[in-house]
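S.K.: Taken in order, these protein sequences are the chains called E and C.
Counted from 1, the first sequence has number 526 at position 526 by this note's numbering; the numbering is strictly sequential.
To get this note's numbering, take the position in the second sequence, counting from 1, and add 1000.
Just to be clear, a hint being listed does not mean it is correct.
Within a straight-line C-alpha distance of at most 27 Å, the following computed BS3-like cross-link-like pairs (lysine-lysine) qualify [as the list claims (entries may be wrong)]:
(1) 1313(C) to 100(E)
(2) 372(E) to 1147(C)
(3) 1378(C) to 343(E)
(4) 1425(C) to 664(E)
(5) 1046(C) to 340(E)
(6) 1273(C) to 9(E)
(7) 1087(C) to 559(E)
(8) 1144(C) to 372(E)
(9) 350(E) to 1273(C)
(10) 1132(C) to 256(E)
(11) 256(E) to 1139(C)
(12) 376(E) to 1147(C)
(13) 723(E) to 1558(C)
(14) 473(E) to 1224(C)
(15) 616(E) to 1239(C)
(16) 1147(C) to 350(E)
(17) 177(E) to 1040(C)
(18) 648(E) to 1403(C)
(19) 346(E) to 1132(C)
(20) 376(E) to 1151(C)
(21) 340(E) to 1139(C)
(22) 420(E) to 1144(C)
(23) 267(E) to 1262(C)
(24) 1273(C) to 10(E)
(25) 387(E) to 1239(C)
(26) 616(E) to 1087(C)
(27) 376(E) to 1449(C)
(28) 372(E) to 1224(C)
(29) 376(E) to 1313(C)
(30) 1262(C) to 477(E)
(31) 372(E) to 1425(C)
(32) 1239(C) to 420(E)
(33) 1384(C) to 342(E)
(34) 346(E) to 1075(C)
(35) 1075(C) to 387(E)
(36) 420(E) to 1075(C)
(37) 1313(C) to 206(E)
(38) 1139(C) to 376(E)
(39) 387(E) to 1144(C)
(40) 1087(C) to 420(E)
Worth flagging that the hints you see were computed from the coordinates, not collected in a lab.
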Amino acid sequence: MLRLGSYLKKYSIWILFAIALIYTQAQFDLALPDYMAKIVDVGISKSGIEHSIPTAIRASEFDKIKLFLDEDTNRIVEDSYILLDRESLSTEDYDKYVAKYPILANEPIYKLNTKVKEIEEIDLELGKAIMIVGQMSAGEMPGLSMAELPEGMTIFDAMAVMPAEQRKEMLSGIEEKLALIPEAAITSVSANYLAAEYETIGLNIKSIQNSYLFKTGGIMTIISLLSLLVTIIASLIFSRIAAGVSLRMRSNIFSKVEHFSGTEFDKFSTASLITRTTNDVQQVQLVIVMLRLIIYAPILGVGGIIRVSSTNSSMVWIIALAVVTMLILVASLFSVAIPKFKKIQKLVDKVNLVTRESLIGIMVIRAFNTQKHEEKRFDDVNQELTKTNLFVHRAMSLMMPMMTIVMNGTSILIVWFGAKQIDAGGLQIGSMVAFIQYAMQIIMSFLMLSMVFIMVPRASVSANRIFEILDTKPTIKDPEKANHFSNNNKGLIEFKNVSFSYPGAEESVLKDITFTAQPGKTTAFIGSTGSGKSTLINLIPRFYDISKGELLVDGENVKNVTQHELREKIGYVPQKGLLFSGTIASNLRYANENATDEDLEKAADIAQATEFIRTKPEGYETEIAEGGTNVSGGQKQRLSIARALVKKPEIYIFDDSFSALDFKTDAELRKALKAETGNSTKLIVAQRISTIIDADQIIVLDEGEIVGIGTHKELLNTCEVYKEIAYSQLSKEELA
Amino acid sequence: MEDNKAKNPRRQQQGPFGGGPMGGMGAGEKAKNFKATMVKLGGYLKPFTLQIIVVLIFAIGSTVFTIVGPKILAKATNKLAEGITAKMSGVVGAGIDFGFIAKILIMLAVIYAVSVVFMFIQSYVMAGVSQKITYNFRKQIDEKINKMPLKYFDTMSHGEILSRITNDVDTISQSLSQSMTQIITSITALIGIIIMMLSISPTLTGITVLVLPISMILIMIVVKKSQKFFSQRQEYLGKVNGHIEEMYGGHIVMKAFNGEEKSIEQFEVLNNKLYGSTWKAEFLSGLMMPLMMFVGNLGYVVVTIMGGWLVVKGNIKIGDIQAFIQYVRSFNQPIAQTAQMANVLQSTAAAAERVFEFLGQEEEIEDVVNGADISNIKGTVEFKDVSFGYNEDKIIINNFSAKIKPGQKVAIVGPTGAGKTTMVKLLMRFYDVNSGAILVDGHDIREYKRDDLRSQFGMVLQDTWLYNGTIRENIRYGNLNATDDEIKAASKSAHAHHFIKTLPDGYDLILNEEASNVSQGQKQLLTIARAILSDPKILILDEATSSVDTRTEIFIQKAMENLMSGRTSFIIAHRLSTIRDADLILVMNDGDIVEQGSHEELIGANGFYASLYNSQFSTSEE
């Protein structure tokens, strides 16, 4: 799985960029609940007043507040506010300000002369002072006896004239009490105070509130838009990466496999190679597409946890509990369900198998009247499949309820414990609602991750299967310095003490084979199944390399020329008539792209294929379906013979190519072949004696060894094995 | 190395997780008659009316309870807000009413619990219903196979039938177990949510509902666009996979003709096209989530701002905003589900239609009620002016007549594709003659019950059909009531006993799926043993021509001789010795019987048979 990295490397810059985008997206997504909290807590509860720093305040009130500020804060305040009154302003300015702050007509006010942000550090100090002033004005500052004050004198007047020492002492007493009050409560009280103050000044509190609501809402809209944009770009990048990786992977596998020899095909099996190139690549692509989620989920989860614990750490345990519960539930559910998933796959295959069997054997079944028996067999698998399916479905129907319980349980817990904290002043309602949202985001991200971890092992198996192919070195390679065939010999094949065994096999398939096949002559091979006759002729085009001895074509060792040059000489007809999708003409031209129509017709004639091609309305342009399923076995065979003929090669190899033909066609074809391929070397593997009866040289193989070489007549007298085969097929008179 | 290479490994690519992400977005196919099919499908649900009513009640119940949740939670939040505001503004003795909140939360917990239990009961019951229906469908299709005339299978590939039994039935099962309840819950949820929202604030609801079309339009656009690329991707994926299968399957030919470069070149072209459509399809379907999220966020923002504004105005309370946000969020899912519903329903109807079409196919003509007595059959077979064609308008056998006495051997010969198996199919009544009649012991075969008739026939074909079971079970197939001793006796007579004894588990060896753990010749012997066990009066044999080694070949000949003794036999003959020994030779060409007679007669006639016979040695006689 890790080796997938080599494929992703090419995209590393893009991936880094995408990670940055996803990080941004997660931040945006995490910011939203915060803004929502602000709308509720500031916009609604505090009339849109976010800070305890007043933008404008009556001088009389501000003086009171200043009494409760320490020196440092006071200095900052002095620097940040300007006093507006009739005297200090020009008439023009004065009128302007009065329009804005109507109270200015009656008394002077202080106006904030800088940005709130600049002096945010004094926010809390001011808040505390405002709280004290507010409560003192309401006459309920505990610990201070109002009764001691002279008539007509407020506590503020008293404090203003108080010696500095005494004031400090008094303040530190208040400070102690304030320290116990949570910040949320302080800001909330000061906001109420300021709202009242602004109203007194003549400011429109409603418009302040509305502008706050719309500003915050605007930010939220922009954030969601940006988040959308970022997500789209990230998803664009990842879809291209995923498709790109599978493109390259598929392409690498394919060209690798195209250069495999028979040995590698035997090692993997064709079916497995196909699944690896198609299905396994698909699986890997699926996970790469999910990379976006794999990256997003933890960032969101961790980001959410950080945000939550920085604002309110005392309720994090609820989230932890929810996540752990959910992971346990998911894990236990899937540990029960996944083995069953595998079983279902097997049972579906079994249903297919039984059905396929009863379709293929339909005549046998009806002949033996065993329909009921077949129905019972099917019913057994069907019932088991249904039972397993039902179990899995029912187990999976727990999934949704479980998730709902975790989610809703979390909300309920948060509301209950949140309420306690709100009561204590440590939390505001909006923040609590935001907390619920964060909790949901975190739980969801862990849920996503756990799903990913169910998918990844599957893809990992696929990736390993892919790399198994890519790591395989083809056993048959071209020589580094290739020889070339001389023009003197045309199609001379010499086997000199050749042995062959499949890799890893103890027993040799072919032992000490020596013979020569002459140009212009027919060499036939016969022997029972497993005697090695097909293996032998497949050595000539170097589909396999020999293990011992020497195999020469035109005097050159086949290992010393390129595979391309060697195969140029050979016209090969496989055991089964293998055709490719396309037309009859395109299949014949597969041997030689430049063949003329006349060439094709001639080849078809020799191969006895003209007759059936003529019966097709489209003639040579008749479509051949994938795998040649729309022509019969005999027709396929004849077309693949014609294909080899189009090539006009020096060597013909017929690997049991005549068995699908009836005697008559077989005979006529051989007759035509003999007349038309005069100078070529012909190698024929056959099952039927009649096919090879007139060969120039018959080689009889038994268990990988040559047990006889000669003509039909010679062998009948000298070779026991040959005689046995012959008598099993023809009567004595026919053989005579 | 010689055989089983070009096996077509194309299989149903269905993982346990269904069709991957956004599986429902693939280009759906349309049913020809949507309404009729759905009505018919409804008929299949009828026996489960009670269960389905339960499912409906619980689905609606569960949805309703889920939807009520946020509104109740809002009460708690409102109480909380009231309490804290009062406390902040300094009302004496004010505070949060924890008693009330606790009551609300407990109530909420109960509601959620009930909703969850409902949810579970609903899907539990529905799983049972859908699996039962799926089971029935599969069973019916399988049983249907045995009732259909063989003719049907000439035009229908095995793959198509298999795909009905697995893919189509699975599609139906999926939509029954998920989509059906989803339709109900989605609609209930949509209505419920709107009601709840209206009850909180009509103004806010109005504004929210305005946002919905945006989400609908966005989803529609994405679904439509991506469908195009999905079908394009599917098409190229098919082409790429097709090329891979073809080239790997024909690897040797490709190599022999130096086709590597050409093949890779072709592959690259297809692969690049696949890349283009893949990333576009993937990208567009990937857009779905963020778009939904954006619309969700938009709704969220709108609700927060407008809600905030309404709270300030005093129309609603803070908790209501919270509830509203929850409602807006849960609005998206049912909408997305409803948007895809049309596709799901269409593909369900298409799948159901295919299944119904199969189930509705014509069955074999009914047997006669009182079949002629079959118990003492001797084995006389007579063809009386038989004419037959696979198609009514293309008669291939014209007015054929012949009479075969009990115990005689009939050889059927002719070139490849001459229609030799047609005779077999007619004799066993896999097909009925168009005119004339085939008589067995003087009775038209249509006067027998099919089962009775076939029980008198034994059949050994070239495609040895054995199934994935033990050797004993496979032989017993000839007579399901046979004892082990009888099986052994039959095997001995078929020269199979000896090799069976040498196999790892003997008679209990399980033949694997391809039955490749016994050789072709051995399979042939097993089918002969099977035929011997069935002890038929009339035999149909197909001589092996290929892939059998010499020694087994001799065994097969001997076994066949044992089998034929005293039985009327029809032999699709390849071996000249068999043909020459036959009592009657039927020579076939292009589907018709062109000559009949003994070997000597036919050679003497110097017709088609003579030329066929002589061609075998023509080249050697030159």
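S.K.: State for each hint whether it applies.
M.R.: A quick look at each hint next to the structure:
1. A hinted pair counts as satisfied when its Cα atoms are at most 27 Å apart, and residue 1313(C) with residue 100(E) qualifies at roughly 24 Å.
2. In summary, the hint linking residue 372(E) to residue 1147(C) is supported, as the alpha carbons are separated by about 11 Å, within the 27 Å threshold.
3. For a cut-off of 27 Å, the pair hint linking residue 1378(C) to residue 343(E) is broken: about 51 Å separates their Cα positions.
4. Using a Cα cut-off of 27 Å, the hinted pair residue 1425(C) and residue 664(E) holds, with the two alpha carbons roughly 25 Å apart.
5. A hinted pair counts as satisfied when its Cα atoms are at most 27 Å apart, and residue 1046(C) with residue 340(E) does not qualify at roughly 30 Å.
6. At roughly 23 Å between alpha-carbon atoms, residue 1273(C) and residue 9(E) fall within 27 Å of each other, so this suggested pair holds.
7. Taking the CA atoms of residue 1087(C) and residue 559(E), the gap is about 96 Å. The hint is violated against a cut of 27 Å.
8. Annotation: proposed proximity of residue 1144(C) to residue 372(E) holds, straight-line Cα distance about 12 Å (limit 27 Å).
9. A hinted pair counts as satisfied when its Cα atoms are at most 27 Å apart, and residue 350(E) with residue 1273(C) does not qualify at roughly 36 Å.
10. At most 27 Å may separate the alpha-carbon atoms for a hinted pair to count; residue 1132(C) and residue 256(E) exceed this at roughly 48 Å.
11. Restraint check for residue 256(E) and residue 1139(C): not satisfied, since their Cα atoms lie roughly 45 Å apart, outside the 27 Å limit.
12. About 15 Å separates the Cα atoms of residue 376(E) and residue 1147(C), which keeps this hinted pair within 27 Å; it holds.
13. Proposed proximity of residue 723(E) and residue 1558(C) is supported: the alpha carbons are some 18 Å apart, at most 27 Å.
14. Only pairs whose Cα atoms come within 27 Å are accepted, and residue 473(E) paired with residue 1224(C) is rejected, the gap being roughly 46 Å.
15. In summary, the hint linking residue 616(E) to residue 1239(C) is supported, as the alpha carbons are separated by about 26 Å, within the 27 Å threshold.
16. Note on residue 1147(C) and residue 350(E): the hinted pairing holds, with a Cα-Cα distance of about 22 Å set against a maximum of 27 Å.
17. The suggested pairing of residue 177(E) with residue 1040(C) is violated, with an alpha-carbon distance near 79 Å, which exceeds 27 Å.
18. The suggested pairing of residue 648(E) with residue 1403(C) is violated, with an alpha-carbon distance near 52 Å, which exceeds 27 Å.
19. Taking the CA atoms of residue 346(E) and residue 1132(C), the gap is near 20 Å; set against the 27 Å cutoff, the hint holds.
20. Taking the CA atoms of residue 376(E) and residue 1151(C), the gap is about 24 Å. The hint holds against a cut of 27 Å.
21. With a C-alpha separation of about 22 Å, the suggested pairing of residue 340(E) with residue 1139(C) holds against the 27 Å cut-off.
22. About 68 Å separates the Cα atoms of residue 420(E) and residue 1144(C), which puts this hinted pair outside 27 Å; it is violated.
23. Taking the CA atoms of residue 267(E) and residue 1262(C), the gap is near 25 Å; set against the 27 Å cutoff, the hint holds.
24. The straight-line distance between the Cα atoms of residue 1273(C) and residue 10(E) is roughly 21 Å, inside the 27 Å bound, and the hint therefore holds.
25. Of the pairs offered as hints, the one joining residue 387(E) and residue 1239(C) is violated, with about 37 Å between alpha carbons and a cut-off of 27 Å exceeded.
26. About 95 Å separates the Cα atoms of residue 616(E) and residue 1087(C), which puts this hinted pair outside 27 Å; it is violated.
27. A threshold of 27 Å between alpha carbons decides the hint, and for residue 376(E) with residue 1449(C) the separation of about 22 Å falls inside it, so the pair holds.
28. Distance check on the hinted pair: residue 372(E) and residue 1224(C) sit about 48 Å apart at the alpha-carbon level, beyond 27 Å; violated.
29. Using a Cα cut-off of 27 Å, the hinted pair residue 376(E) and residue 1313(C) is violated, with the two alpha carbons roughly 74 Å apart.
30. Taking the CA atoms of residue 1262(C) and residue 477(E), the gap is about 19 Å. The hint holds against a cut of 27 Å.
31. Distance hint between residue 372(E) and residue 1425(C) is fulfilled; the C-alpha atoms sit about 21 Å from each other, no more than 27 Å.
32. Using a Cα cut-off of 27 Å, the hinted pair residue 1239(C) and residue 420(E) is violated, with the two alpha carbons roughly 64 Å apart.
33. With a C-alpha separation of about 57 Å, the suggested pair residue 1384(C) and residue 342(E) falls outside the 27 Å cut-off, and the hint is violated.
34. Using a Cα cut-off of 27 Å, the hinted pair residue 346(E) and residue 1075(C) is violated, with the two alpha carbons roughly 53 Å apart.
35. A C-alpha spacing of about 46 Å is found between residue 1075(C) and residue 387(E), which places the hinted pair above 27 Å, so the restraint is violated.
36. Proposed proximity of residue 420(E) and residue 1075(C) is supported: the alpha carbons are some 16 Å apart, at most 27 Å.
37. For the hint pairing residue 1313(C) with residue 206(E), the CA-to-CA distance comes to about 9 Å; that is within 27 Å, so the pair holds.
38. For a cut-off of 27 Å, the pair hint linking residue 1139(C) to residue 376(E) stands: about 10 Å separates their Cα positions.
39. Between the alpha carbons of residue 387(E) and residue 1144(C) the distance comes to roughly 22 Å, so the proposed pair stays at or under 27 Å and holds.
40. A distance of roughly 14 Å separates the Cα atoms of residue 1087(C) and residue 420(E); the hinted pair therefore holds under the 27 Å criterion.
When held up to the earlier numbered hints, the structure conflicts with 3, 5, 7, 9, 10, 11, 14, 17, 18, 22, 25, 26, 28, 29, 32, 33, 34 and 35 and fits the remainder.
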